[in-house]
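Work the whole structure out from these sequences, hints included.
2 protein chains.
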Amino acid sequence: MNSVLNFADWAKQHQVRIEDVLDEVLPHTESTPQKLHSAMRYSVMGGGKRVRALLCYAAAELCKTNEALTDAAAAAVELIHAYSLVHDDMPCMDNDDLRRGKPSCHKQYDDATALLVGDALQTLAFEVLSTPELCANANQQISMLNLLARASGTSGMAGGQAIDLDSVGKTLDREALETMHQLKTGALIQAAAMMGAAGGNITQINAVQAYAENIGLAFQVIDDILDTEADTATLGKTAGKDADRSKPTYVSILGLQAAKDFADLLFKQALQVLEPFGIEARRLRELATFITQRSF
Amino acid sequence: MNSVLNFADWAKQHQVRIEDVLDEVLPHTESTPQKLHSAMRYSVMGGGKRVRALLCYAAAELCKTNEALTDAAAAAVELIHAYSLVHDDMPCMDNDDLRRGKPSCHKQYDDATALLVGDALQTLAFEVLSTPELCANANQQISMLNLLARASGTSGMAGGQAIDLDSVGKTLDREALETMHQLKTGALIQAAAMMGAAGGNITQINAVQAYAENIGLAFQVIDDILDTEADTATLGKTAGKDADRSKPTYVSILGLQAAKDFADLLFKQALQVLEPFGIEARRLRELATFITQRSF
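Chains Y and G, in that order, give the protein sequences.
Following my numbering, the numbering of the first sequence begins with 1 at its first residue and continues without gaps.
Following my numbering, the numbering of the second sequence begins with 1 at its first residue and continues without gaps.
Just so you know, these hints were derived from the structure itself, not from any lab.
Careful, some of the hints might be misleading.
Repeated chains share a single entry, so a pair holds when one copy, or any two copies, can fit it.
Straight-line C-alpha distance at most 20 Å; calculated EDC-like pairs for lysine to aspartate or glutamate [what the hints assert, rightly or not]: (1) Lys260 / Asp9; (2) Lys170 / Asp110; (3) Lys12 / Asp97; (4) Lys107 / Asp166; (5) Lys35 / Asp166.
Here the structure is a predicted model, which is why all the values come from computation and not from measurement.
Dropping the structure here:
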């Protein structure tokens with residue numbers, strides 16, 4: 001049935017689905033501590049395009065991962081992403097007042113609440129994905145948990161964030177920049193696809209990994225291009241902030257046109273590794289287009 | 001062999017052991033990002049009496065949980081505890097400059113680093129405990145991960161922290177105070193024992209749970225008594241700070257003597273549930289004494 005939907009409808013269907021799953025797993029606003037629960041929902045619900053969840057669902061479709069496990073993995077990766085945004089926006093980090101077109105969590109609530117929100121969202125990601133009896137094969141679930149943890153920690157997202165902090169005002173060469181982005185953004189994007197694949201057939205797993213590496217990096221290159229070109233209203237977050245703070249970007253190192261060419265190369269490489277899989281990889285292919293041609 | 005050791009030697013043996021496990025799982029200071037890795041080690045190593053790890057080992061001894069799984073669980077619970085201390089000490093929370101007799105993480109490094117240290121330590125806890133092929137029964141490992149996550153999130157530690165924040169300057173009744181402490185401190189102490197038990201025989205699990213509930217609460221009551229009586233040098237952290245900030249404590253609500261009597265009652269209840277298990281529960285019994293008679 002999914003195969004007859006066009007991409008926009010498939011994406012919409014799965015954006016609604018992940019929103020429902022997140023709504024179900026987030027604690028209710030009526031239960032104590034209410035302010036924390038309210039701030040967690042404020043920071044997670046109705047936000048973004050859910051690219052990571054979509055990658056998880058698309059890879060699960062290719063690898064035939066069971067639905068309950070895929071829902072949990074997709075929710076977990078979105079919760080990790082949401083936690084990272086809340087903490088990144090805090091005054092001691094990027095000090096950003098705007099997120100997804102709304103006041104960021106620490107502006108809407110306060111710094112202490114934002115700290116706890118990020119902490120609790122991270123925990124919730126691992127709680128959701130460690131739900132007992134989610135699938136018949138607990139080893140697959142352990143693999144997914146470990147993929148998520150490795151992508152989020154110091155050899156992934158948190159590590160990239162630390163390198164990013166250290167790089168303000170410094171000149172990074174292209175290799176150092178790629179390492180930083182690979183950890184900060186790429187690792188979690190990759191993990192999203194790999195988690196979707198990890199609960200199913202292992203024959204496609206190397207291809208999904210190669211696809212995810214290219215798409216993860218492309219995502220960041222596009223981010224830098226958008227940060228240069230777009231205005232704040234379109235992005236829903238403060239535009240041009242990296243350049244303002246002398247943070248190195250792909251655009252600042254390569255120049256605008258070369259950055260665009262590089263994103264195009266990564267896009268083509270991502271498609272190439274999916275060639276053997278025909279129609280079953282169509283959602284991953286469509287997502288590659290969606291990510292590299294986005295304006296958000 | 002363990003059964004012939006006196007408690008002090010058993011505790012010392014397992015304190016050395018958890019220190020070795022933590023040293024092994026923490027990222028090396030030489031690898032990038034070095035500052036983050038260095039700050040993580042600063043915040044974890046050589047700190048505290050490792051009460052949570054000892055509870056985990058003691059329960060594992062009673063329930064015959066396998067060693068690799070117990071090491072991972074003990075390390076994970078200590079990493080969660082360490083992350084919570086780093087974030088609690090930050091300026092937007094308790095703003096505490098002293099921890100375990102040393103400058104707290106944000107004083108030794110900076111706020112942004114402390115934020116990332118806490119984040120990365122939490123992730124590392126789940127990474128360590130989700131190591132693939134740690135034990136033959138992946139379902140037991142999933143149970144442990146879920147116990148840890150539930151004890152750390154909004155229905156556990158983070159929830160208690162949020163209630164604590166909201167309670168500054170307010171008058172809590174005893175029931176509300178118990179709920180707050182049960183979440184903030186008790187839940188993780190309980191989880192430590194329950195995780196040690198979850199990888200083994202399930203016949204003792206209800207007793208371990210009842211034991212852990214009493215000990216978790218006793219731990220906090222003693223904390224309040226020590227906060228009133230001890231000086232900063234003995235505690236290795238700032239003494240009297242809760243009273244200073246008009247935070248309700250067991251001493252402020254019950255009075256000093258009644259708080260001591262209450263801790264004694266909890267201690268006796270903890271011992272009572274272990275009665276059926278004879279010598280195999282001796283380490284849990286000795287830990288109950290250690291915790292309720294401590295001066296740290």
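Cross-check of the supplied hints:
1. Lys260 / Asp9: Neither: 28 Å inside a chain and 64 Å across chains, both beyond 20 Å.
2. Lys170 / Asp110: between (31 Å within a copy, 19 Å between copies)
3. Lys12 / Asp97: neither (28 Å within a copy, 49 Å between copies)
4. Lys107 / Asp166: Cα proximity of Lys107 and Asp166: across copies only (18 Å, versus 25 Å in one copy).
5. Lys35 / Asp166: Between copies only: 9 Å across chains, 33 Å inside a chain, cut-off 20 Å.
Of the hints listed earlier, those the structure fails to meet are numbers 1 and 3, in rising order.
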